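Visitor: Mapping to the working numbering: the sequence shown position 87 is 560, numbers consecutive.
The hints are simulated quantities; they were obtained by calculation from the structure and are not laboratory data.
Just so we're clear, the structure is a prediction, and the values are computed from it rather than from any experiment.
Where hints are given, some of them may not hold.
Said to hold, decoys possible - Under the rule of at most 30 Å between Cα atoms (straight-line distance), these lysine-lysine pairs were calculated in the DSSO-like manner: (1) K590 <-> K608; (2) K608 <-> K630; (3) K865 <-> K608; (4) K865 <-> K630.
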Amino acid sequence: MHPRRNGSSSLSRREFLARSSAAVAAGSAGLGLINQEPNQEPPPTSAKRTGGRAVTPYDVITVEGHRDIYEFNDRFGDGEDSPLRDSMLQRYMDGGMNVIIIPVSGTAPRHRHGNHKMLEGSLQTLDLILREIEKTDGRAGVILNREDIPTEPTRDKVWFFLDMEGGEPIQIDPESGFRRDLRMSLVRSFYRMGVRGIQLTHNERNYLADGIQLEGSSAGGLTPFGREVIQEMNRLGMMVGVSHLADVSLSEAAEVTEAPLVSTHTNVNAQIDTPRQHHDDEIRAIAGTGGLVGIRYIIDSRGHTPYELLVDEIDHITDLVGVEHTGVGWLGHDVGDPRGGAHEGHTEVELQSFYEHWDNFMQLLSQRGYSDDDIALVAGGNFLNIWRDILK
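Turn these sequences into a full structure, and let the hints guide you.
Guide: The following block contains the structure:
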């Protein structure tokens with residue numbers, strides 16, 4: 474077991490300590506730890522822990538970096554009137570899930586509730602999510618600004634952060650004579666409707682950049698339009714997502730941005746050697762902007778979902794650039810999801826609740842020697858600190 478891990482890199486131009494000083498001044502709630510009553514003992518840290526439990530999912534503010542709309546699709550397809558209100562929200566709250574980043578678009582029709590038209594489908598999906606939230610009578614909300622960022626764990630409300638998986642819906646053809654100031658009109662329009670993040674690409678090439686399908690000698694970098702999009706997102710206060718970018722595009726995005734880059738749901742190539750995963754140079758580039766990498770559920774060659782491997786990835790990122798650049802992308806379908814449960818090819822996590830997912834993962838972090846404060850950062854505190862920096 475190692476002591477509290479601090480990483481080895483210097484921080485970026487977006488100095489992490491400056492960004493989180495307000496959280497430190499506010500006490501442990503700023504890191505996501507629940508406030509202690511005066512007569513309670515403080516939670517143990519890794520340096521003092523003698524085999525007791527780490528913090529639980531109910532003790533910290535959790536942020537899930539990426540949850541696709543697939544369960545909405547499945548439940549609407551089965552005739553449910555309001556999947557979020559009737560089937561999903563209580564599971565999230567029981568699981569200790571406080572904030573969920575949900576994409577309202579993607580390159581495949583399944584990302585747009587079956588609509589094959591990119592812009593129209595994205596608008597319809599955004600409307601679907603917002604209407605579902607409205608039906609919860611205040612038990613769900615949308616993070617729009619700094620004031621909406623939760624400051625302590627809660628089991629009676631879930632916040633959604635609206636993202637876009639790929640910049641195709643905001644593309645505007647560069648027509649001859651087209652006014653330059655209008656090229657960002659769709660970015661601004663989605664911002665006004667509540668979207669606060671854009672993944673620059675999904676896997677393919679678009680008008681902004683090249684995705685990971687073009688990784689290698691054929692991959693290009695950012696287009697002039699992609700650079701403009703990053704600059705406009707920085708100005709508005711939006712999260713720049715790089716989970717699916719080719720390495721050249723990611724490197725150039727790190728040079729252009731004035732705000733943290735966030736890879737909401739990607740793994741580490743040192744542990745999982747496929748083009749989809751980040752190499753060390755990419756992790757350093759993201760950390761150099763003050764950003765983070767959110768690791769995600771995988772299925773190994775034996776058909777298992779080993780959370781130990783996910784913790785190996787957290788270890789790798791922490792040793793490379795610091796624990797303040799880690800997060801959780803996705804821990805898998807739970808037993809209540811139509812895609813979870815005991816179906817053919819299911820893994821062990823699909824027989825568990827969301828609470829079991831988070832608790833098992835956090836206990837493994839504790840066993841590796843992460844302190845309660847560091848576990849709170851990994852589980853969601855790092856996302857929160859970035860949003861305190863970028864949101865208006």
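Visitor: All hints, please: hold or fail.
Guide: A quick look at each hint next to the structure:
no.: 1; hint: K590 <-> K608; in the structure: holds, 26 Å
no.: 2; hint: K608 <-> K630; in the structure: holds, 13 Å
no.: 3; hint: K865 <-> K608; in the structure: holds, 27 Å
no.: 4; hint: K865 <-> K630; in the structure: holds, 22 Å
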